[in-house]
Structures are given as C-alpha cells and as structure tokens.
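First to last, the protein sequences are chains A and B. Sequential numbering from 1 applies to the first sequence in this note's numbering. Sequential numbering from 1 applies to the second sequence in this note's numbering.
Hints should not be assumed to be uniformly reliable.
No farther apart than 20 Å at their CA atoms in a straight line, the calculated lysine to any residue pairs in the SDA-like style are these [what the hints assert, rightly or not]:
1. B:Lys-38 with A:Arg-43
2. B:Lys-41 with B:Glu-84
3. B:Lys-38 with A:Ser-42
4. B:Lys-40 with A:Gly-85
5. B:Lys-22 with A:Gln-44
6. B:Lys-41 with A:Ser-7
7. B:Lys-53 with B:Ser-71
8. B:Lys-40 with A:Ala-59
9. B:Lys-22 with A:Arg-43
10. A:Lys-78 with A:Pro-97
11. B:Lys-40 with A:Gln-69
Output of the computed footprint for chain B on chain A, the stretches with three or more beta carbons under 8 Å from beta carbons of chain B [what the hints assert, rightly or not]:
12. 45–51
13. 60–72
I should point out that these hints are in silico values taken from the structure, not numbers from a laboratory. Here a beta-carbon is modelled for each residue, glycine too, at the ideal position from N, C-alpha and C.
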Amino acid sequence: AQTVTQSQPEMSVQEAETVTLSCTYDTSESDYYLFWYKQPPSRQMILVIRQEAYKQQNATENRFSVNFQKAAKSFSLKISDSQLGDAAMYFCAYRSPGNQFYFGTGTSLTVIP
Amino acid sequence: DTEVTQTPKHLVMGMTNKKSLKCEQHMGHRAMYWYKQKAKKPPELMFVYSYEKLSINESVPSRFSPECPNSSLLNLHLHALQPEDSALYLCASSQDTSRLAKNIQYFGAGTRLSVL
Chain A
1 AQTVTQSQPE MSVQEAETVT LSCTYDTSES DYYLFWYKQP PSRQMILVIR
51 QEAYKQQNAT ENRFSVNFQK AAKSFSLKIS DSQLGDAAMY FCAYRSPGNQ
101 FYFGTGTSLT VIP
Chain B
1 DTEVTQTPKH LVMGMTNKKS LKCEQHMGHR AMYWYKQKAK KPPELMFVYS
51 YEKLSINESV PSRFSPECPN SSLLNLHLHA LQPEDSALYL CASSQDTSRL
101 AKNIQYFGAG TRLSVL
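Bound conformation, chain B alone:
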C-alpha cells in the first residue's frame, strides 16, 4: 500500500473562515510534507515533519498552521487566508528524512483550495 489520502478533495472558503486539510498514510512513514502548487507550476515545499516534529518551515505565513498529531496523520489548519492562497495543496510522505535510496516521497491527490 503506497497510498497517501488527502481530504477534502475540494474546499471553498471565505477569508474569515477557519478550515483544516487532512492527510493520512499507513505506510509507517516517519516524514510527512506539505506542498503548495499553483496551476502549471511545480510544487513548492511548505513544511516538513520528521518523527512528528516540525523540522522545516519554508517561511510560510502564520495563517497556515501545520499539526502532526501522530505518525500517520498530518493536518494543515487554515485561518484568515487570502485569495492568492488559492492553490492545490499536496501532502507527501517518505520513510524518513535520511539519505536512503529507498526514501521516495509518495504524494496524495491533493486538496484544491479556493479562497473567496
């Protein structure tokens, strides 16, 4: 099973709303990632969690708040977003953050977020 599951698939929210994106994997991976992808652009790394601890924050605005409640689950809490935050948000996981050859990142299908 190489599945990373993201919910919801689509989300529309107003600028004053609070919402959360969810990502789940059951591959025993200890590293999980959030990426933001604009149309026809490559994914841009936002956060990296390693063993449930935040290890990388790529200078993401505080209106995005990640959370890793356990090794299988990764959330992204959204609050007071701007229309320019509309994008596809991808979650990925890998065995860990080491240099192992088999340390491939597996991606979910993403959440398409629209901020009105």
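Chain A on its own, in the form it takes in the complex:
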C-alpha cells in the first residue's frame, strides 16, 4: 500500500521569508504523480503544485517550487516570499496509476506578520 508521510505537523514562517515543507512517500510504482494541496480555514482543498514522476525537472508555480528526489522518494514544497494568505494546512498527495489519491497527515503553516 502507498503511504505518504509528512513529519512536520506544524510549521511557522515570518512573512516574506522562505519555508520548506517535507514529504516522503512509499511506492513500488515508477509512473505516478505527486501533488501539494492547500486547505485554508475556508476548507476548500486547492491545488498548489504537481510533479510527474517521470520528469526530472522540479515543478515551479510562481512562489511555490518543489524538490523532487525520486530515488529518495522525497517531495518537499518550498514557499518563497511567504504571505499571510499562505497560512493553511498543506497536504502532500500521491496519485497512483489507478488515479487514487493518498494524502499525508498534513502540515499546518502559520505565517507571522
């Protein structure tokens, strides 16, 4: 079974600084997708960034980037120039070839003004 581990239940960052959220996963598949979703207090899960396992280049979306280490099965999220609106619960997710999502336990990010 696939497992996704987020070892940081809570993180905080000063506004305008950079923070990295960790995620590791376990799979025997070679073709899969990884995602970071954000869930603010409004509850809606919002896609932040995604990475295709067969692509070596790390995905980037504006202030959000990932460090994907396939051999180590690691998929960390870096948020640059943190903003107050970045405060949320962040879930790392693994999507299996059968399109089932497995979520990590989440990291609660606080942004300090």
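Go by the hints and put chain B onto chain A.
For chain B alone, coordinates are given in the frame of chain A:
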C-alpha cells in the same frame, strides 16, 4: 470554471434522520469522489464514481449510500448515522480515472456534518 459546488455547507442531524449531501460540477468531468475528513486529519476516500458507475467503495458502512444520477451530479444519502460520523465531507471531480497528467482532482468546499 474549476468549481465543484457542495450543498449544504453545514448539516446537523439526529441519528434517526435521513438526509442527503449534494455535489455538482460542470467541467465535463466523468469521475467524482466522496471523501471524509476529520479535524486536523487528511481526507479519506469513501467512494469513486467513474462514468456514473460506482468503481470504488472503500468498505464504507451501508448507512452511507452514494448515488450518481448523471455525470454532473453526485449525492451521498445518509441514514441512521452515528456521532462518530461527524466530519467534513468533501466531494471532488476529475476528468476521468485514467493516468493522464492533467487528471487533477478539484475539490468542493465540503459539508460540515454534525450527528447528534
């Protein structure tokens, strides 16, 4: 439009009540999902519908009954629930259940259910 709409936003029901949760999307997606999320926990998959047919049931108790009347609409019928069923129920949709790169799941804002 990447919107998945869930109604109601909040629901309080007794253990003998029958209620339904509704989820709607107009993105032409052919896969729809129900998740249950407890506080400070990740979403847990309950059901997957693919082309209006139930394709995955993650051993969910029969007091939860999903229904997919058409490709845009997904219901979750609730009957004889227990207090431990209180949670946030999230609906999601994706283009289909294939391995396409663009097959992202889009989530609704959820229904906060309280069972008394």
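For each hint, the structure was consulted:
For the given pair, Lys-38 of chain B sits about 12 Å from Arg-43 of chain A by alpha-carbon distance, which is consistent with the 20 Å threshold. Among the hinted pairs, Lys-41 of chain B with Glu-84 of chain B is consistent with the structure: their alpha-carbon atoms are about 14 Å apart, no more than 20 Å. At roughly 15 Å between alpha-carbon atoms, Lys-38 of chain B and Ser-42 of chain A fall within 20 Å of each other, so this suggested pair holds. A hinted pair counts as satisfied when its Cα atoms are at most 20 Å apart, and Lys-40 of chain B with Gly-85 of chain A qualifies at roughly 19 Å.
With a CA separation close to 16 Å, the supplied pair Lys-22 of chain B and Gln-44 of chain A stays within the 20 Å bound. Among the hinted pairs, Lys-41 of chain B with Ser-7 of chain A is consistent with the structure: their alpha-carbon atoms are about 13 Å apart, no more than 20 Å. For the hint pairing Lys-53 of chain B with Ser-71 of chain B, the CA-to-CA distance comes to about 10 Å; that is within 20 Å, so the pair holds. The suggested pairing of Lys-40 of chain B with Ala-59 of chain A is violated, with an alpha-carbon distance near 27 Å, which exceeds 20 Å.
The suggested pairing of Lys-22 of chain B with Arg-43 of chain A holds, with an alpha-carbon distance near 17 Å, which does not exceed 20 Å. The suggested pairing of Lys-78 of chain A with Pro-97 of chain A is violated, with an alpha-carbon distance near 26 Å, which exceeds 20 Å. Restraint check: the Cα-Cα separation between Lys-40 of chain B and Gln-69 of chain A comes to about 27 Å, which exceeds 20 Å; the hinted pair is violated. Interface restraint, the segment 45–51 of chain A with chain B: holds (4 residues with C-beta to C-beta distance below 8 Å; minimum three).
A count of 0 residues in the segment 60–72 of chain A with a Cβ less than 8 Å from any Cβ of chain B is obtained; the coverage claim is therefore unmet, three being the minimum.
In this structure, the earlier hints numbered 8, 10, 11 and 13 are contradicted, and the remaining ones agree with it.
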